[in-house]
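Engineer: Chain by chain, the residues:
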Amino acid sequence: MTDSIPATPEAVRKSAAAADARRRRKARPASRQWRRRGLMAAYIVFVLLPIYWLLNMSFQSNTEILGGLTLWPETFTLEHYAKIFTEPNWYMGYVNSITYVLMNMAITIVVALPAAYAFSRYHFIGDKHLFFWLLTNLMAPPAVFLLPYFQLYYTVGLFDTHIAVALAHCLFNIPLAVWILEGFMSGVPKEIDETAFIDGYSFPKFFVKIFIPMISSGIGVTLFFLFMFSWVELLLASTLTATNAQPIASVMTQTKGASGIDWGTLAAAGALTILPGIVVVYFVRHHIAKGFALGRT
Amino acid sequence: MHKVQNNRAWWLILPMLLLVAFSAIIPLMTVVNYSVQDVFDANTRYFTGTEWFREMLNDPDLHAAVLRQFAFSLTVLAIEVPLGIGIALLMPKKGWQASAVLILVTMPLLIPWNVVGSIWQIFTRGDIGLMGWSLRELGYEYNITASPVDAWLTIVLMDVWHWTPLIALLCYSGLRSIPDAYYQAARIDRASRWAVFRFIQLPKLTNVLVIGILLRFMHSFMIYAEPFVLTGGGPGSSTTFLSQSLTTMAIGQQDLGPSAAFSLIYFLIILLVSWVFYTAIMNMQKDNKKQGEA
Amino acid sequence: MEWMVWTTPTTIFFSVIAAMLAGMTAWEVASPSIERKGFLPIATTRGDRLFIGLLSAAYIHLMVVGFTPLSLWLALGISVLWALILMRWG
Numbered sequence: 001m002t003d004s005i006p007a008t009p010e011a012v013r014k015s016a017a018a019a020d021a022r023r024r025r026k027a028r029p030a031s032r033q034w035r036r037r038g039l040m041a042a043y044i045v046f047v048l049l050p051i052y053w054l055l056n057m058s059f060q061s062n063t064e065i066l067g068g069l070t071l072w073p074e075t076f077t078l079e080h081y082a083k084i085f086t087e088p089n090w091y092m093g094y095v096n097s098i099t100y101v102l103m104n105m106a107i108t109i110v111v112a113l114p115a116a117y118a119f120s121r122y123h124f125i126g127d128k129h130l131f132f133w134l135l136t137n138l139m140a141p142p143a144v145f146l147l148p149y150f151q152l153y154y155t156v157g158l159f160d161t162h163i164a165v166a167l168a169h170c171l172f173n174i175p176l177a178v179w180i181l182e183g184f185m186s187g188v189p190k191e192i193d194e195t196a197f198i199d200g201y202s203f204p205k206f207f208v209k210i211f212i213p214m215i216s217s218g219i220g221v222t223l224f225f226l227f228m229f230s231w232v233e234l235l236l237a238s239t240l241t242a243t244n245a246q247p248i249a250s251v252m253t254q255t256k257g258a259s260g261i262d263w264g265t266l267a268a269a270g271a272l273t274i275l276p277g278i279v280v281v282y283f284v285r286h287h288i289a290k291g292f293a294l295g296r297t
Numbered sequence: 001m002h003k004v005q006n007n008r009a010w011w012l013i014l015p016m017l018l019l020v021a022f023s024a025i026i027p028l029m030t031v032v033n034y035s036v037q038d039v040f041d042a043n044t045r046y047f048t049g050t051e052w053f054r055e056m057l058n059d060p061d062l063h064a065a066v067l068r069q070f071a072f073s074l075t076v077l078a079i080e081v082p083l084g085i086g087i088a089l090l091m092p093k094k095g096w097q098a099s100a101v102l103i104l105v106t107m108p109l110l111i112p113w114n115v116v117g118s119i120w121q122i123f124t125r126g127d128i129g130l131m132g133w134s135l136r137e138l139g140y141e142y143n144i145t146a147s148p149v150d151a152w153l154t155i156v157l158m159d160v161w162h163w164t165p166l167i168a169l170l171c172y173s174g175l176r177s178i179p180d181a182y183y184q185a186a187r188i189d190r191a192s193r194w195a196v197f198r199f200i201q202l203p204k205l206t207n208v209l210v211i212g213i214l215l216r217f218m219h220s221f222m223i224y225a226e227p228f229v230l231t232g233g234g235p236g237s238s239t240t241f242l243s244q245s246l247t248t249m250a251i252g253q254q255d256l257g258p259s260a261a262f263s264l265i266y267f268l269i270i271l272l273v274s275w276v277f278y279t280a281i282m283n284m285q286k287d288n289k290k291q292g293e294a
Numbered sequence: 001m002e003w004m005v006w007t008t009p010t011t012i013f014f015s016v017i018a019a020m021l022a023g024m025t026a027w028e029v030a031s032p033s034i035e036r037k038g039f040l041p042i043a044t045t046r047g048d049r050l051f052i053g054l055l056s057a058a059y060i061h062l063m064v065v066g067f068t069p070l071s072l073w074l075a076l077g078i079s080v081l082w083a084l085i086l087m088r089w090g
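One line per chain: the protein sequences are A, B and C, in this order.
The first sequence begins at 1 in the numbering used here and counts up by one.
The second sequence begins at 1 in the numbering used here and counts up by one.
The third sequence begins at 1 in the numbering used here and counts up by one.
What the hints contain is simulated information worked out from the structure, not anything from laboratory work.
Just so you know, not all the hints are guaranteed correct.
[What the hints assert, rightly or not] No more than 25 Å apart at the CA atoms, straight line, and that leaves these computed lysine-lysine pairs for BS3-like: (1) Lys256(A) / Lys83(A); (2) Lys204(B) / Lys286(B); (3) Lys190(A) / Lys209(A); (4) Lys128(A) / Lys3(B); (5) Lys286(B) / Lys37(C); (6) Lys3(B) / Lys205(A); (7) Lys93(B) / Lys190(A); (8) Lys93(B) / Lys204(B); (9) Lys3(B) / Lys209(A); (10) Lys190(A) / Lys286(B); (11) Lys94(B) / Lys204(B); (12) Lys128(A) / Lys37(C); (13) Lys3(B) / Lys286(B); (14) Lys128(A) / Lys286(B); (15) Lys37(C) / Lys3(B); (16) Lys128(A) / Lys83(A); (17) Lys190(A) / Lys205(A).
[Unchecked claim] Derived, one-sided and incomplete: chain B residues facing chain A with beta-carbon distance under 10 Å: (18) Ser23; (19) Asn114; (20) Leu135; (21) Met218.
Glycine included, C-beta positions come from ideal geometry on N, C-alpha and C.
Given only the sequences and the hints, what does the whole structure look like? Please build it.
Structural biologist: Here you go:
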C-alpha cells in the first residue's frame, strides 16, 4: 500500500523524505549539464551543417562537385573566390549592396532618433495611430509595393541608383528603428531631460551632447538591425536596379548559365554574403539580446 | 513613464513621417488606382470598377494560395516557438561560450534571403547535396522537384533553420532580465524544474513571445525569396505562397489591375491580423503596468 | 502625377479619407477624446473606433463585391451605418 495517500503523520514524513530523495537523485547537476550541452551542440550542428556544405562546395572545383559527393574538398581550390574578386560585375555587386545598406542606415537613424524621442516622451494627437501605422509598414509585404515603386522611382529619375534602394528600404527600416529606439529611450529616466533643460541646455544641444551618448548601446543595436534587414532584403533591391546599382543577389542569378548552374561560384558568392553579418554581430554581441526584445525587457 | 501632452512633438516626427509617407502612401494610392482600371500605359487605360476585386476574390488559385499560406505560417509557428524557447533555455549565460553560441545562433538571420534558398538548394539536391544524398543512401526516394510532400517538408525545415534563432534570441533576452533572486527563492522552495519554467520564466517570456510571434507571422506571410530559389513554387504550385503568386502576376504577366486588387486584399488581411496582435500587446503592457502599480 | 493613373472615384475616396483625418484632428483639438468602454471588448478612443469602422467597412465591401451580386451602394450604406453605431456606442 505504498502508493496510496499517506494517512498517519509517520507515513507523511516518510513519503516526504522519499520524494525529497527522488528529487535530489533526479537533480544530479553534472549529468544534466552534459545533457544540456549535448542538446545545444545538436542544434548548433543543425545550424552549421548547411553552411558547412556551402563552404565545402565553394572550395571545390566544379568537376569535383559534379563528379561525386565528397565530404570535404579533396582538391582544395580558391578559383571561385578568385573569380569573384577579379571580375568587376561580381565584386561590384558587393560594393553596391554595402553602399545602399550604409546609405539606408544613415538616413534611417537620422530621422528615427527624433521621432523615437517624441514617441517616448510626449503624448500628442494621433500618437497611438501613427505608431500603429508605422508598424503596418513593417508588415507590408514588399511584393505589394513592387510595381508602384518601380513606377515611382522611374518617374523621379532614381531608377538604378543606390539611393533608390536605400529610400525603398526605409519603408520597413524606419518603423523598426523607431520601435527599437523608443524602447531604449523609455528606459532613460525623464529627470535627466528636465535637469538638462534647467541647466540651460537647448533641445538640440541636450539631444546630441547628453541624450545620444546615454543610449549609445541602443543605437548600436538599432544599427545592427537596420543593417540586417536591409542586407537580407532582395525583392525590392533587385527590382529597383538594373546594372549600375545591382545588388549581389541579382548578380548571383547569373550563375545559371546555358550549361547548367555554376555551383562553385554560387557557393563562394553565397559564403561571402555571410561574412559582413558575422562582423557586424561580433561588435554588438553584448547588447544584441536586449535589442531583440526591442529594448523592452 | 508619465508622458506630457505636447503637440509640438509633431515637429520631431515630421521628417520621419515625410520619408515613410513617400515610400508608403504614394505607392499605396497608386495601387488603389491600378486596382479599379485596366492599365496598358498611362494614356491607355479603362475604368473597370470592382471587376478585378470580384475576379480575385473568386479565383480558385488564389484561394489555394491563401490556404497554403495560412497552413505554412501556422506550421512554422507551431514548430519555431517551442523550439525557440527550448534553445533559449539551453543557451549558456556567461563567459566566452555565451558570446560564441550567440553569434552562431544569430548567423542564419544575417544571410540574404535568396542565399538561404541557395544554401538549401545545394544542401538538399539528390546528387550533390549532403542531406538529399544521405536520405537517398538511406533508401528514401527524396526528390523536391517531383514530390510535393518532400518540397513542403524541406521548405518548413528551411524556415525553421532560418527563423528559429529570432524566437530563441528574443526569449534569451527575456530570460536574462529575470533577477537571480527569483531562482534562489525557487531553490529554497525546492520548486521543480517545470514549476520554475511555468511560474518564473514563462510569465517573463510572454511579452517577448508576442513580439516574436507577431514578427514571425508577418515575415512568414511575406516569404518569397527562399521558396522561389529552392523550389520555384513547385512541384506544380504546391509551394507557391501569396507573395510569389502576386509577384508572378505583377512582374511576370504584367497584369497591373488584378495584381493591384490582389495586393489590396493581401494588405487588408495583414492589416487585420497585425491590428489584433498590436492591440493585444498594448493591452498586455497596460495590464503589466497596472499590476506593477498595485 | 500622370503615372499614378488617378481616376475620379479613387480621388474622391482619398479626399474623403483625408477629410475624415483632418476632421478627427480638429475635433480632437476642440475636445480631446477620453478612452471609454462600449460594446466592444476593449476600451477605445474616438480614433480607435474610426479605425475599426474603416477596417470593417473595407471587409464589408470586399464581401459584397466578391460573394454577392448586390450593389456597391448597399455595402456603402451598411458600412456607414455600422461606422456610426461604432462611433456612438462602440
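Engineer: So, for every hint listed, does it hold in this structure?
Structural biologist: Here is how each hint holds up against the structure:
no.	hint	in the structure
1	Lys256(A) / Lys83(A)	16 Å, holds
2	Lys204(B) / Lys286(B)	15 Å, holds
3	Lys190(A) / Lys209(A)	16 Å, holds
4	Lys128(A) / Lys3(B)	13 Å, holds
5	Lys286(B) / Lys37(C)	15 Å, holds
6	Lys3(B) / Lys205(A)	22 Å, holds
7	Lys93(B) / Lys190(A)	31 Å, violated
8	Lys93(B) / Lys204(B)	17 Å, holds
9	Lys3(B) / Lys209(A)	23 Å, holds
10	Lys190(A) / Lys286(B)	20 Å, holds
11	Lys94(B) / Lys204(B)	20 Å, holds
12	Lys128(A) / Lys37(C)	17 Å, holds
13	Lys3(B) / Lys286(B)	14 Å, holds
14	Lys128(A) / Lys286(B)	14 Å, holds
15	Lys37(C) / Lys3(B)	23 Å, holds
16	Lys128(A) / Lys83(A)	52 Å, violated
17	Lys190(A) / Lys205(A)	16 Å, holds
18	Ser23	4 Å, holds
19	Asn114	5 Å, holds
20	Leu135	12 Å, violated
21	Met218	4 Å, holds
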